[in-house]
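Undergrad: If you want the building blocks of each chain, they are given just below.
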Amino acid sequence: MMKRNQLILGDKTLKDITDDICQPVETLPGKGWVGMFLGAKTLLLFYIFVLGMIVANGMGLLGVNHPNGWGTMIITFVFWIGIGHAGTLISAILFLFRQKWRTSVARTAEAMTVFAVMTAGLFPLLHTGRPWLDFWLFPYPNQRGPLWVNFRSPLLWDVFAVSTYATVSMVFWYVGLVPDFATLKDRAKNKIRRMIYGILSLGWRGTARNWSHYEMVYLILAGLSTPLVLSVHTIVSFDFAVSNLPGWHTTIFPPYFVAGAIFSGFAMVVTLMTLVRIGFPQFKDYITLDHMEVMNKIIMTTGLMVGYAYASEFFVAWYSGNPYERYVFMNRAGIPGTSGDYAWSYWIMVTCNVIIPQIFWMKWARRSIPVMFIVSIFVNIGMWFERFVITITSLHNDFLPSNWGNYAWSFWDGALLVGSFGMFLTLFLLYLRVFPAISIAEIKPVLPVGRNDHKGGH
Amino acid sequence: MSEFHDHNHDHDENLEAKKAARPKIEHNNNYWLSIDQYMQDPEFQKTVDAEFMSSPLREEEEKNPWARREFLKLMGASLALSTASCIRRPVQKIVPYNKQPEEITFGVPNYYTSTYFDGQESIGVLVKTREGRPIKLESLVNAPLNEGGTNVRSQAHVLSLYDPDRLTAPKKNIFNEKRTNKDTISITWENTDAAIVEELKKGGVYFLTGNIVSPSSQAVVKDFAEGFKATHVAWEVLANEDIRKGQLASYKTDVLPFYRFDKAKMVVSIDADFLGTWVAPTVFTKQYSKTRKDFSNMSRVVAFDSNYSLTGANADIRVRIKPSQQLKVAVAIAQELVVNQGRSSYAQNGEVKSWLSSFGKAADGLNMEPALVKEIAKDLWDNRGESLIVAGGLKAQTETAHALHVVVNFLNSVLENDGKTIQYKKSMKSSATHSGMVALLDAMKEKKVKTLVIHTVNPMFALPAKAEFKELLKNVETVVYIGDRMNETAHWAHYVLPENHSMETWSDAELVSGVYSIQQPAIKPMYDTQSMELTLMTWCFQAKVGPKRIQEFETYYDYLRNFWKTDVFPKVGKGGNFEKSWQELLQTGSVGDVNNSADGARSFAVSSMTELKKPVDAQGWELVLYSTSQLGDGAGSSANIGWLHELPDPITKVVWDNYASISLAAANKLKVKNNSVIEITVGKDKMELPVLVQPGLQDDVIAVAVGYGRTHVGAVGNGVGKNTYELVQVQNGQMVFAGAKVEVKATGAKYELAQTQTHHSMQGRQIVVEATLKEYQNKKDHIIHKHPIWSVWSGHQYNGHKWGMAIDLNSCTGCSACMTACQSENNIAVVGKKYVMQGREMHWIRIDRYYTGTPEDASAVFQPVMCQHCDNAPCETVCPVLATVHSSEGLNEMVYNRCVGTRYCSNNCPYKVRRFNWFNYTKKIPAPTNMAFNPDVTVRVRGVMEKCTFCVQRIKEGKNKAKLENRPLQDGEIKTACQTSCPTNAITFGDVNDPNSQVAKLFKADRSYALLEEWHAAPAVRYMAKIKNNGKEQIASASAHEGGH
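Order-wise, the sequence lines are chains S and L.
Our numbering applies: residue 548 is where the first sequence begins, and numbers increase by one.
Our numbering applies: residue 12 is where the second sequence begins, and numbers increase by one.
Please keep in mind that the hints were generated in silico from the structure rather than gathered at the bench.
Backbone N, C-alpha and C define an ideal beta-carbon position, used for all residues, glycine too.
A hint or two may mislead.
Computed from the model, here is a short list of chain S residues facing chain L with C-beta under 7 angstroms [stated by the list, open to error]:
hint	residue
1	Gly605
2	Pro614
3	Leu673
4	Arg677
5	Leu684
6	Pro686
7	Asn791
8	Phe946
9	Asn950
10	Trp951
Stretches of chain L that chain S covers, calculated by requiring three or more beta carbons in the stretch to come under 8 angstroms of a beta carbon on chain S [what the hints assert, rightly or not]:
hint	region
11	774 to 784
12	791 to 800
13	888 to 901
14	929 to 942
Chain S extracted, bound-state conformation:
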């Protein structure tokens, strides 16, 4: 059995842990945080303005057109939904597999999931032509016949998948927070604080009964979330895979999308965690280089998986003998004889997602904060482009060449993409200051107290 390094460094006592983790919540924010928050908030306000303009004037502001019926909104939706995957994977699947290292990053990864899903969730609602009628997408008893939704449409499955996922991951996250809220309540030095955290902690008293119920609920929720990790992106991939379009209509999409989602999710976790380590230096003892290394290994592995998927798509396109599909993939890569208008995006995607993460074969790179930060940013860029490649290159040159046309990228597309980060970051920064960013209750059990460190294992 391999010897593991200690999960928590610095010989912390239980009090140290509580103090360290509660510190950002209980002190006034520093200049760094305020600066970042103001930036993020301004971006969020800009984002609200952009969305308002789009709703007020019509989808025509964006670059979507004929034949590219979907564009930035759907691309960015899939991007954020994908990011959300890491959180649930870490908190649910790794929990079930008893991966104790998850405890340090689980809370923040879950928060990231919730915020990413919230950011993502807006897109499919706002990308419709008449967003004020979006409630028609939900099956509910009505006076129009009653007129029901089309259960054959993958978009409808998507509505269920995303809303279920959002609900479950939010509940899971919240349940995990309950004991920590109680800790914060107990430590509160004024009434209002005490009251707010008191309400949030749902009357948690820390009794054995409480703990027993809590553990059971957490386990059940972990069990519920686990299939969701696979199902959400599988169903998102159905939006593409179930349709007719060459480049979309492939059976590899569900696993390929899930792998890609985990890939991008872990990249985002790494990005955020490096930032959290810089912003709150005391967290370096909890989110150690070992944690980061493990995640980097996952990034490299999933990066290889998406790389395999890219290659396999080409093979299948050739093997199928389907001229339309062959053309789409040749066109993606810009092979001569095709228009190759978006070959640049394909090669950005391959570079960022397949080539750059290979640096993690080297241990020093896996353990270097600057390297992993840069790689994670590249992976985020690459994964956005993956969705761009899938959506646009398949749509822009499909069956009848007379229809072929390029995406009409506009100012509003860029504004929307950038603005969505404003929403995500604002939520995330607020979270860092009002919620304990690491699970106090889960950290304490993984302390090396009472274990023989020198004999390895646990």
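We have chain S already, so just place chain L on it with the hints.
TA: Below, chain L alone, put in the same frame as chain S:
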């Protein structure tokens, strides 16, 4: 204005009267409240009045807006607003007729036979009106020439009626002394007429019109000219004067012959775009299509083309030339026929032979195999008497235009076509000339013109600035413009008299000699306008000049009726009662027989040819100005019609612009690409134009469309493209539109053109199936690659009707009339250049144009594509809200109300025929353009998807009619808008479940295939393969259909 005041006044009086009628409130002074009251103090009286604010009898709102009732109202309203919070859509009430007008049933269209005339060609049409307003031009199947065929501009004509930029009342322009600045004021007809009559009486009257084909109009103009001793000048850009001059020289008869393409088995066109813009393209398209349907007796068309014209695109053999080669082509054919093959009696004529031989080997230097000339000559001779050689159009207005026509006439005489495929007795009507205009300019220079009356033509736009029309106009004391808008010319006229739209006035047309057609008004004049004829009649009446008939009638309608009674019916009518004949005319729309023409061959004056000088060979770049089928010469009102600008050019698919088309080799030579701006210099004229690389052009050619660059046509058309009439050269008193020498240089600038189709190759996919005639005769249905298809699903069951459409690609010429017809029928929005560039045009039917072969000798094929109404429709399964569903009759129905706009359906449609409302287009349509909407089709809001419905409103109408008459629906009773507009009957619609229906039979024909058939969406539209009669064994360009099996 005064009327308006009166009305207000009336209203006030009523109010006073009402107030007076109200019961008085008596104050009883026996019982008093205070001293004030007893004394009837006015101050106190006020407080008493205000005491009972609630009395409905008091009108105190002005004094105290917060009176109790008002307060309650406002409170109620704010409560309602705050609780409901959303803004409700404004309630719009539909008010039925209080009194039923005669002949109008609400919701049922009325049709009137009429004629559409565009300056060159007249076609018989039906005007469809709803509740008293014209909404569409429909096909009139018994029209003698076009036989129901329509064209792009006639389909868009209805929009010019509702053009917001039309003049609504007479205007007077007051100029400063130098006539450089002006002020426009409104004026009444009475004052205008009085002032103009005074001017007319002074003499020196010139009347400038366009081509007039209306015999009644001609009579009015003749009477007017007689009365005021006026000189009538008829001028058009597309005058076809070259043909008449050629006829005059060769045959001593000044006629514009009526060409019979329907009788021609072998047609050679030298730049005469008879399917697009030449003489009578709609009529010729109809005629041509008849010779293409029977494959055992199929005609052949050879086109020598110096731009890429519709005729070139549809020709079996197309040869790219430059304008200076036109004469060489004609001579080469003549040499081959007469000199080399010794055909006809002219082969013995030494004079002819030596003249022809003086050209040397004329076929050298043309882009064709030497064998082709032999083949063409052989085909022509084999089909003598049933062949036709034509030349003309703007592209043929070169320095050698006259020689070209004479040689063409010679060829037709050699081939015994004269009097057979060329009818000169039943000739077409054309009085317009360029020489008339030149004479008018001279008269203006000599200050002979005192009063110039201009009707509709637009010399300020269509004459180059160097013709100095503007300067010469200052020599004219009074300029009167009769037209529909303040255009470039009207801008400089003293009086601008608004004319009725052609749908607001009676008129007629002589289609060919002895065949007349009536033009009926379909709506009362919308504004204070009157017809040109009535204006002339009024002037004659007021001045008491001219023949009796022009003074005696009060309206032009009376004049016209009288003219028909005295002049037309005696010539063509069957005699008998005039009223009866008149009613019959209104029913049928026309009178006279096209076919009873017994023309013998005229003798060709050999000297007309042998006297011609041999032109010198031209080198270097050559200009080709051509007119387009969308705008024509662009000088009229059509340049302000959004539908026409948004209609992609049939060949280039560019919208909202003109541009310089050059070949790929030329572009490489100049080191330019699409959208690069080049500067072209013709003589002293310079112009910068964007480049469009056009396959199939001769490498020295720079082809530019005319009709663009209007400055005073209206909000839609102003500033679209460039006015290329500035490049027209005048050489030896002759207008030269093509063949002028050009200097070209790249400027390095960019100007983006909007194209609706940017990819031009079929990528080896089976999209348009094309075969040569020989191939088809040998292989029959094996020209189509068929895929084995099976499905686990039995499919939809259609127990009643099952609608289907068959489109014959062999008939389709790509003319695009169906696109405009669809736009008119289905209220389709125009989005403008910026959004077409972003790929957001809204056409429900589009014409895909692909090129095959090499870029040098590209051959074009056309394919109309609309919603294919698939049985296994991919759009239906993916819509999350069931907004697009399958009907029990096989229609793919779009439910606009239910659509939330996910656009998933569009993504999943392999044909990409769905159109999305990216913005609220309908809202931006100005009044009165909204009156052009078809009330049977809803307009779409932003955010919903739309697409072809197979004209479901027409299906319903047909079914309802059959049901009311208690009979089964007949095959062919329901016709879609694209189908009726088509001049070649390429589209057939009907019930596939009825085995005897035309469409069911066509579906089983050997040329029938479905687009992307192997994808098994099972479309309800099937195409019929295109057959090329080029004498080859195989389509040279056909690349094997890749994969998929």
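Undergrad: Now tell me, hint by hint, if it's right for this structure.
TA: Status of each hint after checking the structure:
A hinted interface residue such as Gly605 (chain S) counts as satisfied when its beta carbon comes closer than 7 angstroms to some beta carbon of chain L; here the least separation is about 4 angstroms, so the hint holds. The beta carbon of Pro614 (chain S) is positioned within 7 angstroms of a beta carbon in chain L (closest approach about 5 angstroms), and the interface hint is therefore held. Interface hint at Leu673 (chain S): violated, since its Cβ lies 11 angstroms from the closest Cβ of chain L, which is beyond the 7 angstroms cut-off. A cut of 7 angstroms between beta carbons decides the hint on Arg677 (chain S): the least distance to chain L is about 4 angstroms, and the hint holds.
The interface hint given for Leu684 (chain S) holds, since its Cβ lies 5 angstroms from the closest Cβ of chain L, which is under the 7 angstroms cut-off. Interface restraint check for Pro686 (chain S): the shortest CB-CB distance to chain L comes to about 10 angstroms, outside 7 angstroms, so the restraint is violated. Because the beta carbon of Asn791 (chain S) sits about 5 angstroms from the nearest beta carbon in chain L, less than 7 angstroms, this interface hint is met. For Phe946 (chain S), the suggested interface contact is upheld, since its CB lies about 4 angstroms from the closest CB of chain L, less than 7 angstroms.
Nearest Cβ of chain L to the Cβ of Asn950 (chain S): about 4 angstroms, under the 7 angstroms cut. The hint holds. Satisfaction of the interface hint for Trp951 (chain S) is found here, the shortest Cβ-Cβ separation to chain L being roughly 4 angstroms, below the 7 angstroms cut-off. As drawn, the region 774 to 784 of chain L meets chain S at 4 residues by the rule of a beta-carbon pair under 8 angstroms; at three or more, the given contact holds. Restraint check on the region 791 to 800 of chain L versus chain S: 0 residues with Cβ-Cβ distances below 8 angstroms, three needed, restraint violated.
Under the rule that three or more residues need a Cβ within less than 8 angstroms of chain S, the assignment of the region 888 to 901 of chain L holds, with 6 such residues. Requiring three or more residues with a Cβ within less than 8 angstroms of a Cβ of chain S, the coverage given for the region 929 to 942 of chain L holds, as 3 such residues are present.
Violated hints for the displayed structure, listed by number in ascending order: 3, 6, 12.
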